[in-house]
Amino acid sequence: QVSLCRQVRSLEAHMYPEKLKVIAQQVQLQQQQEQVRLLHQEKLEREQQIRTQLLPSHAPPAPTHHPTVIVPAPPPSHHVTVVTMGPSSVINTVSTSRQNLDTIVQAIQHIEGTQEKQLQEEEQRRAVIVTPARACPEPSASDTASD
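Here the sequence shown is numbered in our numbering, starting from 22 and rising by one per residue.
Hints were generated in silico from the structure; no laboratory data involved. Backbone N, C-alpha and C fix where the C-beta goes; we use that ideal spot for every residue, glycine too. Any given hint could turn out to be false.
Said to hold, decoys possible - Quick list of the computed label-pair ranges, beta carbon to beta carbon:
#1 T117 <-> L59: 20 to 26 Å
#2 Q22 <-> H61: 42 to 48 Å
#3 E63 <-> N121: 24 to 30 Å
#4 Q141 <-> T117: 22 to 28 Å
#5 T117 <-> E142: 20 to 26 Å
#6 R147 <-> R72: 38 to 44 Å
Starting from the given sequences, assemble the full structure and let the hints guide the process.
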């Protein structure tokens, strides 16, 4: 049977040479298309790799990597306004997170050149946070102030 199949293929190849040429051309075309696709994919990967290598050097470093290099750390008194209640571990986490967030915001403001204006707003915000703590011992004054 195997021998007969080979003979049939051989006879068909002699009888239909154009058909074999078309099949060979199709296979060759598919191989060329695959090569072009692979080359295009490699080119895209190389371009993406180059972009990822070049962009970080042009962009400013992320503030979370070295926040003190970009902006000085906030004064220690900042901890007093944030640390108010709860377990010490939670307080430290909140305080550190808040300090990190403030440092990031300050770095962005510094880059944008709006730090002076924002510092004034920050002082006003701190005053608003601290003011209710002072007003608590004087309930009569707070009642008249709210009316």
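We went through each hint and held it up to the structure:
As the Cβ distance of T117 to L59 is approximately 49 Å, the hint placing it in 20 to 26 Å is violated. Checked against the given bound of 42 to 48 Å, the beta carbons of Q22 and H61, roughly 45 Å apart, stay inside it. Remark: the range hint 24 to 30 Å for E63 to N121 is contradicted by a beta-carbon distance near 41 Å. The hint said 22 to 28 Å for the Cβ distance between Q141 and T117, and at roughly 25 Å that hint holds.
Between T117 and E142 the beta carbons are some 23 Å apart, a value that agrees with the proposed interval 20 to 26 Å. The given range of 38 to 44 Å is respected by R147 and R72, whose C-beta atoms sit roughly 42 Å from each other.
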